[in-house]
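Student: Protein sequence lines correspond, in order, to chains P and Z.
Read in order, the letters of the first sequence correspond to residues 1 to 121 in this note's numbering.
Read in order, the letters of the second sequence correspond to residues 1001 to 1144 in this note's numbering.
To be clear, the hints were calculated from the coordinates, so they are not data collected in a lab.
Each hint should be verified, as a subset may be incorrect.
Stated by the list, open to error - Footprint (simulated), chain Z over chain P, 3 or more residues, beta carbon under 8 Å: (1) 4 to 15; (2) 25 to 31; (3) 70 to 84; (4) 87 to 101.
Just so it is clear, CB atoms sit at the ideal spot from N, CA and C, and this is done for glycine as well.
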Amino acid sequence: MTSSASFRRFAFAFGTTFAILYVVALARDVALFTVFPSLGVVLAGTHHTRDVADPAMGFLAPAIYWYGWAATAALGALMLGFVAALLPGRWTRAIWRGWVWLVPALSMIACVYLTLPWFRF
Amino acid sequence: MVAVALLGAVTHQTLAAWATVDARPGSFFGRFRSVPSGSFANAVVVLYVVSALLGAILYLYFRVDVRPELERAGHWHVLGFFDLKEHFAAIGLALLPAYWVCWRRPHADESAQTRTALTSILAFIVWWSFLTGHFANNIMGFGS
């Protein structure tokens, strides 16, 4: 029962926190690592091709940030999830459980807003 | 195949969760609802994780081989929809523990609202990913 309740607190905190941190990581471009698939290179942190080469040469080394954004959010969410799991149940009982779906839904809307530049071309 | 199985499982579960409790036993929705929706939860979690892993691997090839072609062809809307697919898929992946808990370890004092909402969000993400993936795959034409 206790472990089940702890896992429930972890699961709810993890899902909610991830959704928030993912939007922050996306908006602030905070990737835990950057993958350059054509070079087979993974660098810690956020690295833009234009920082080290001419922007016109960017197609030679396309970068992937998605893995890094997700890892950033997952790391933060894991930490908060573990903290929530360790908290006494009475501390979290009053928290509305609907946050676990409302926050991700709002985060998805925020993602749409951050993606709007693609639709302005 | 994994994506189609996931689509079927999560769609059935979502419709069953939204179906009214007082549906006639012999009716379409009555029979639909009589299938224990909770039994889909494990399958949805496993299929979602497998789909996400396969998608994450395929994304490497997409970024190197497909996306530059779409950029050259000026398909900016498709790239936008595909970016949203990435974001939604990541958020959905993180929701799986809460989704699983709601279906497999429901609290007696908990309303079905949370469970229904989480399932609906996952269903939306799965359908968005499926349709966007196919759209991006097909837009350059067969054999391109």
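Student: Now tell me if each hint is right for this structure.
Tutor: Results for each hint:
Look at the segment 4 to 15 of chain P against chain Z: 8 of its residues bring a Cβ nearer than 8 Å to a Cβ of that chain, three or more, so the hint holds. Counting residues of the segment 25 to 31 of chain P whose CB lies closer than 8 Å to any CB of chain Z gives 1, which falls below the minimum of 3, so the coverage claim is violated. Look at the segment 70 to 84 of chain P against chain Z: 4 of its residues bring a Cβ nearer than 8 Å to a Cβ of that chain, three or more, so the hint holds. Coverage of the segment 87 to 101 of chain P by chain Z holds in this model, with 4 residues showing a Cβ closer than 8 Å to a Cβ of that chain against a need of three.
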